[in-house]
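The listed protein sequences correspond, in order, to chains H and S. Residue numbers for the first sequence follow the working numbering, beginning at 1 and rising by one. Residue numbers for the second sequence follow the working numbering, beginning at 1001 and rising by one.
In short, the hints are calculated from the structure, not lab data. No false leads were slipped in.
Far from chain S by the CB rule (all over 12 Å, computed), these chain H residues: (1) ALA35; (2) PHE36; (3) PHE109; (4) TRP119; (5) GLY121; (6) ALA204; (7) ILE245; (8) GLY276; (9) LEU347.
Ranges between beta-carbon positions, derived for each pair: (10) PHE255/H / VAL1517/S: 29 to 37 Å; (11) VAL97/H / GLY1148/S: 51 to 59 Å; (12) LEU334/H / LEU1308/S: 31 to 39 Å; (13) THR1248/S / ALA118/H: 36 to 44 Å; (14) PRO1512/S / PHE255/H: 37 to 45 Å; (15) ASP1216/S / PRO126/H: 53 to 61 Å; (16) GLN1375/S / ARG4/H: 56 to 64 Å.
All figures in this text were calculated on a predicted structure; none of them were measured in a lab. Where is the CB? At the ideal position from N, CA and C, for every residue including glycine.
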Amino acid sequence: MSARLDQLGLGFVAILIVAAILVPFLSLAVSPDSAFYLPPYLVQLLGKYLCYAILAVALDLVWGYCGILSLGHGAFFALGGYAMGMYLMRQIGTRGVYANPILPDFMVFLNWKELPVAWWGFNWFPYAMLMVVLVPGLLALAFGWFAFRSRVTGVYLSIITQAMTFALFKEFFRNDFGFGGNNGLTDFKDLLGFSLQSASTKAALFSASAIALIVAYAVSRAIIGSKYGKALMAVRDAESRMRFIGYRVENYKLFAFVVSAVIAGVAGALYVPQVGIINPSEFAPANSIEAAIWVAVGGRGTLIGAALGAIAVNFAKTYFTGAFPEYWLYGLGLLFVLGTLFLPKGLLGLALKGSEPKPREVISVDAVEEGAEP
Amino acid sequence: MTPLSACRRAAHDLATRLRLRVAPALALLALLLSASLVRADALDDTLAKFLDDKFPQTAAAIGELAAEAPPQAAAILDALGDNRLLIDPADHLVAYKTVAGQILNAKTGAPVEGVDAAAFKKVRVNNALRSAIEGAMGSLTLANPDPGKRLAAAQDVFRTRDAKALPALEAQLAKESDPRVAAALKLAQAAIFATSDSATPQDRLAAIATLKERGDEDAQSLIDTLAQKTTDPAVKGAAASALSSIHTRLALWGVAQNLWYGLSASSVLLLAAIGLAITFGVMGVINMAHGEMVMLGAYATYVVQILLPPSLQSWSLAFAIPLAFVVSGLVGIAIERLVIRFLYTRPLETLLATWGVSLILQQLVRSLFGASNRQVSNPPFMSGAFDVGGLSITTNRLWIIVLSALVFIGLQLVLRATPFGLQMRAVTQNRRMAASMGISTARIDMLAFGLGSGVAGIAGVALSQIDNVSPNLGQGYIIDSFMVVVFGGVGNLWGTAFGALLIGLANKLLEPLIGAVQGQIVLLIFIILFIQRRPRGLFALRGRAVEA
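Let the hints inform the model, and build the full structure from the sequences given.
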């Protein structure tokens, strides 16, 4: 399957490159009367889908190739988003309602006198970008180090990742925590001096998202293709055996988990300037689970399937929540149920079915082992 | 001569004769009742003051009514306060309109007839008069023959600290025979002394002693006020020592109250989590739709409440509990048969599929019952609260603790004393071995899932009594339930009970220290760290059953 998948991957990258060039062109250079014109809101929407696709690739790296179903990846995404949001907040400066040059509006509103330490340096773009990578990465490192070292696996791991994002969800809701409470961060003005309202900034953000998706795919693909990646997949299929052979299973998992969290953080950082807001609801456990279904629908362990799944499901979501708002949850629910029941390899797996040699029935041994766990 | 006029004449004759005979007796009676007649005359004078319809006169009349306390006083004052007191200055008549609209003579209470309603005019009141009316009503009820009313009136004065009620209060205190009312009166007196500027040091010392005995937050703030008003060192000292004694007492009761809250939270958690522990224990899959089973149970209670005739409402729970168990249990069995069965070897995907089921169920309930909260009322035996010392215990929470204990005992009996329970434990401990011994694991899975879901339905009945019934009801409890199961370990209901107790208590004991949200976060982090040390929970199964 791998060779065919790599061909598809190349096609995927090519399409993304074309999109990264064509979308700004259609949005900026084509006259609004033309049939090919892309209005800025559409560019923004597509950019949002690409950010979800990056998150899906990140999740697929750990779930599809390492067997870790993280139900807390939304937390890494949101943390990256908050880091970007903090930079954007500091850029507002005196244009806020209270016109305070240092403090964001909500701090003035809460009667705070000085900037909390956590906000220091966020007016400087490189520092903010460092944090976009560092905060999710360090959280994943600490969390994963504890979890993998003590051999928390399977559903237990899923549940505690969910608890992690739930804890952050609650914490960020508090006004005292210092990140805008339940309103979150919003009313952004500009990014690196470019107004977020202008069509050209939106187009640039779309292209940046497309490039980030290419990079995320390339990094993940490189990891999987390496010797390390083979070991990772072996851990997924038979963790105990790998340990008995002498591999430090926890280190393999930890590395993949941290890389995945960093990619998710970058996705969040690109997402926030495009949607114009970041609030604690991004930490909601439901978001992380939804990301898992993108991956499952598109095809677990294929990377591009995950990305396409994210785009397809979110396109459907945009359409259905607009056209039949009452039925969207039925649709999403059925997608979860039918997708897992009938498409264990996702849509891409279905498409690739004919092209691969029939796999030997080796999975069943480990599957039974897994199922026998209490 | 018509028959009617004949009758009338006969009656008149009789009356004349009677009057002649009865007159001396009447005179005697009048003499005996002179006291009450004087009072009646005083009432006439009082009522006459209303006729002027001037504020000072009305105020005087209110004061007289309060002081003399004739039986009609309460009705008159009530009417005055509501702008229902009517005067007809031309006829020197004071009357009031009842809430039902009938016009009654203020003095006699008899219906006023033959007077044009338009001839009446309302007695005007202003805010000062209104508060005077309230005070007067308070002192009137202080003298009420019913001890229950007197008690309520005394407690009322304690709350309002109305110094105007003091004379009436002291008069009643002197002759009060009921010890409970006397205590309440004394407390009310102390409250007045504590807040009044003119109280003597003796009064204040007495007030401190009384309040110290009461020893609650009201007493604490009253003594605080008192201490600020006084300059007398003896009073100040007494106030300080009373305050510190009340403070200790309150702190102890506060801890007890938090323990009670914790116990209550634990019982709710146990109900919500115990079904999850069964399904997770037996099948090793986490049912993300478990919260929706709870929600269905709550809606079953709501439906029962709607369908039952009013005469059976107080028995609603007797219908709701079995119905909720059956509804949630059947839905659970359907989920197991239709979805989970096929995902057996893929526990992670079960998470996703059951999450999808939960979305569908939520939306289904939203479509059927609407997105807004539904009200489920407590049956009479579950409403209200009572005090144990400084502890306030709400009856519904008490019953939920009883219910969760019963459910726990019932499940233990099912697990320990029935063949089904034996087989279920066998499958939990070692599925393949159990299958080899001839146990139909598929059947056990189905029944265990039904049982766990049914118990979740019962949890929903309990939650409907303390929480809003809405499509999102289950979501609020699901993560905490996971934590309980993960913490307590599977395959042992004691682990679940212990986990629920610990998490519930820790939650409520942390709450006053660091706030509710912070407490929950600390607890989540603790559990996350705890799982690192004991990945299989506190009461993990040991031995061959566990695959490392």
